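K.L.:
Each chain, letter by letter, is given below.
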Amino acid sequence: MRPLSRTTIVVLTLALVAPALFIRPAPAAEDVKIALVAPLSGRWARQGQLKKMGAEMAIEEINSQGGIKALGGAKIVLREGDAGDSVEKAVSAAQRLLTREKISAGIGSWLSSFTLGVTEVAERLQVPWLSLSYADSITERGFKYTFQTSPVSSLQAEQALELVTDVARRNNRPIKKAAIVGDNTAATVFFFKPLREKLLAAKGIELVVDEVWTPPLADATAIVQKLRTTQPDIMFYGGTNFPDSIQVLQKIKEFSVKTPIQGVGAWLVTPEYVKTVGKELLDNIQTVVAAHPLKGQEDLVKKFVQRTGEPFMTQDPLCTYAHVWLIKEAIEQAKSADPKAIRDALAKIDLSSGPATSAFYPARVKFDERGRRVGAAPLIVQWQGGEPFTVVPAAVATRPLAWHK
Amino acid sequence: MALAELVQYVATGLLVGGVYALMSIGLALIFGVMRVVNFAQGDFMMLGMYLTYFYAISGSVDPLLGALLTIPPFFVLGWIVHRGLLARVTGGGDPQRQMDAQLILTLGLSLVITNATTMILTPTPLGIRTGYATQAFALGPVLLNQARSYAFAMALVLAAAVYVFLTRTDLGKALRASADDPEAASYQGIDVRAMHGLAFGIGIALVAAAGGLLATYYPIEPTVAGNFIVLMFVAVVLGGLGSIPGAFVGGLVIGLVQSLTLLVLPFQLQNTGVFIVFLLVLYFRPQGLFGRRARTV
Numbered sequence: 001m002r003p004l005s006r007t008t009i010v011v012l013t014l015a016l017v018a019p020a021l022f023i024r025p026a027p028a029a030e031d032v033k034i035a036l037v038a039p040l041s042g043r044w045a046r047q048g049q050l051k052k053m054g055a056e057m058a059i060e061e062i063n064s065q066g067g068i069k070a071l072g073g074a075k076i077v078l079r080e081g082d083a084g085d086s087v088e089k090a091v092s093a094a095q096r097l098l099t100r101e102k103i104s105a106g107i108g109s110w111l112s113s114f115t116l117g118v119t120e121v122a123e124r125l126q127v128p129w130l131s132l133s134y135a136d137s138i139t140e141r142g143f144k145y146t147f148q149t150s151p152v153s154s155l156q157a158e159q160a161l162e163l164v165t166d167v168a169r170r171n172n173r174p175i176k177k178a179a180i181v182g183d184n185t186a187a188t189v190f191f192f193k194p195l196r197e198k199l200l201a202a203k204g205i206e207l208v209v210d211e212v213w214t215p216p217l218a219d220a221t222a223i224v225q226k227l228r229t230t231q232p233d234i235m236f237y238g239g240t241n242f243p244d245s246i247q248v249l250q251k252i253k254e255f256s257v258k259t260p261i262q263g264v265g266a267w268l269v270t271p272e273y274v275k276t277v278g279k280e281l282l283d284n285i286q287t288v289v290a291a292h293p294l295k296g297q298e299d300l301v302k303k304f305v306q307r308t309g310e311p312f313m314t315q316d317p318l319c320t321y322a323h324v325w326l327i328k329e330a331i332e333q334a335k336s337a338d339p340k341a342i343r344d345a346l347a348k349i350d351l352s353s354g355p356a357t358s359a360f361y362p363a364r365v366k367f368d369e370r371g372r373r374v375g376a377a378p379l380i381v382q383w384q385g386g387e388p389f390t391v392v393p394a395a396v397a398t399r400p401l402a403w404h405k
Numbered sequence: 001m002a003l004a005e006l007v008q009y010v011a012t013g014l015l016v017g018g019v020y021a022l023m024s025i026g027l028a029l030i031f032g033v034m035r036v037v038n039f040a041q042g043d044f045m046m047l048g049m050y051l052t053y054f055y056a057i058s059g060s061v062d063p064l065l066g067a068l069l070t071i072p073p074f075f076v077l078g079w080i081v082h083r084g085l086l087a088r089v090t091g092g093g094d095p096q097r098q099m100d101a102q103l104i105l106t107l108g109l110s111l112v113i114t115n116a117t118t119m120i121l122t123p124t125p126l127g128i129r130t131g132y133a134t135q136a137f138a139l140g141p142v143l144l145n146q147a148r149s150y151a152f153a154m155a156l157v158l159a160a161a162v163y164v165f166l167t168r169t170d171l172g173k174a175l176r177a178s179a180d181d182p183e184a185a186s187y188q189g190i191d192v193r194a195m196h197g198l199a200f201g202i203g204i205a206l207v208a209a210a211g212g213l214l215a216t217y218y219p220i221e222p223t224v225a226g227n228f229i230v231l232m233f234v235a236v237v238l239g240g241l242g243s244i245p246g247a248f249v250g251g252l253v254i255g256l257v258q259s260l261t262l263l264v265l266p267f268q269l270q271n272t273g274v275f276i277v278f279l280l281v282l283y284f285r286p287q288g289l290f291g292r293r294a295r296t297v
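These protein sequence lines map, in sequence, to chains A and B.
For reference, each letter of the first sequence is one residue, going 1 to 405 in my numbering.
For reference, each letter of the second sequence is one residue, going 1 to 297 in my numbering.
A portion of the hints provided could be inaccurate.
[Stated by the list, open to error] Derived contacts from chain A toward chain B, CB cut-off under 8 Å, selection only:
| no. | residue |
| --- | --- |
| 1 | Ala45 |
| 2 | Ala222 |
| 3 | Thr276 |
| 4 | Thr308 |
Derived from the structure by calculation, the hints contain no laboratory data.
Note that the coordinates shown come from a computational prediction; the quantities given were computed from them, not determined experimentally.
For every residue, glycine included, the Cβ atom is placed at its ideal position computed from N, Cα and C.
Can you build the whole structure from these sequences, using the hints too?
P.N.:
And the structure:
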């Protein structure tokens, strides 16, 4: 056999050594990336901003407490995608975010219409997705990667109706006539649908006003005119776009309409309402939400207020805070940052304590086969003196419910 | 339907339309004189709302006065934007290429203004709390919202002032001459470029004032322009491209149609009425209600 030439030896040596030059030793703890797709621009940007505040607070807590223990103290990092003001933008933001780098799990996208689109992308790319959105259809499509922590709209409608009829009766103001007023975004549609189709009729309540608009609303006079003429005993209200909602509330005051307002969603209890219409107009307006600070969460709220300068904490930061903690718990159980492993861990998870559960009512996180949180029940939050308080259920309420005089 | 109710719908429509009208005449003026389709018009309106808000917060200036006080700074801003940006893509050269460049420029400007405002002032909506936003003048059973009534009256005054300026002053006549025939105007010693700057300045100042009036009853946020910009364009085209009285009437018609549509169609189809009327007008009168074949102001 011919001895190898010097050149051949150099080439062979390089060929053997070269790969080693490019292989870096695996880092002890690689960052775990979580996606947040929420409206950060456009007409719902404020809600996205609130969600981001909650996510950042949870991430800071987790990382400062030593990160994810099962992954050697891996830190969580947030990757934001701007859902903008349309489903198309939300979907393309999710698509970009989930294909550009390895994302372990995602959160979003506030508006149910956006969540419906974004979860399709997450399902296709097999990334587990946590959402606070309400629409029933989010978890009616047989998706394996979508987890909905909020009670669905139809359930909220049922429980909200049950509650208001009960309280009204106890206050000697039984509900005989109801109004439905709101926009046609998905969560609102799913809240109104069962009311309109069966729930009101089953309680013998007549639907006297049924006005639904596509945002933005040009003027609320015609709606409030009908309220003034028909004098319903309750108004179910879903105006998710802030300027629309302000127009309705201002007009209600202008026309001296005294109908009690039962809203659907946390958009009705954001701090900017106080600044724009004043606390007197808001007093006693109540809304059904998926989460709101409960009795015993004072420290968490205080920390949030100090950190962000917001006057109080609401559903959006609270749920997103809990979602990040929930993803952390799932990763601890899966002992992996792999999206499929996290999805399996979420499907099996059953937590009843810790920051991942405290934001929810009841404080237990277990998902059924559709991805809905088992036992999820809505809360009623009411404006009192310029601040929204949890008033129902009484066991976790921070203030007693006040009914309209 | 009771007569009172019909009157209420008509009155509401006119009041809503009054501010649309003021928003639209600035756009019509800019198009009429410069042939520039200004997509950033709504964003200048949004900036006008913010300035009115800051006047109200820092100096306790009533927003109705604040709206008027937005006019001088926004006239200067408009003039600067014209001199710094628009003058580079107007006033000569291949018309088609100029039009493309203008569209991209004003669209880009709109995106920059919206997003810069979101970054700097945050997306949190702001509102000026005025007593008159939630009070009404009662004319029998018909209620007229006070904020909208004041805004309507001021819109009328401002629109009339612009009309008088354009028809009764030398400067206004020079402006119209520049719109009618820039070449002939320049032979007459009119500085057409300066006239363009003037038109853009006035157009921006008017829409900022409309924003100030809007702020008396409408929340302020960086994306507020999106709620109005399409209607502004519809008003301008409806009235006849570039015609100031046309744009004013166009704005009123939109408000009126939005309101009266609710008598026959559900709320979700409110703007459908506007676009049906828009299509009908374009079909029977392609030049718009007040338009001439040759566009003038």
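K.L.:
Checking hints one by one. Is alanine 45 of chain A an interface residue toward chain B, by the C-beta closer than 8 Å rule?
P.N.:
Holds. Min distance 3 Å.
K.L.:
Hint check: is the beta carbon of threonine 308 of chain A less than 8 Å from a beta carbon of chain B?
P.N.:
violated, 11 Å
K.L.:
Is the interface hint satisfied for threonine 276 of chain A? The criterion is a beta-carbon contact with chain B at less than 8 Å.
P.N.:
holds, 3 Å
K.L.:
Holds or violated: the hint that alanine 222 of chain A contacts chain B, with Cβ atoms closer than 8 Å.
P.N.:
holds, 5 Å
In this structure, the one hint that does not hold is number 4.
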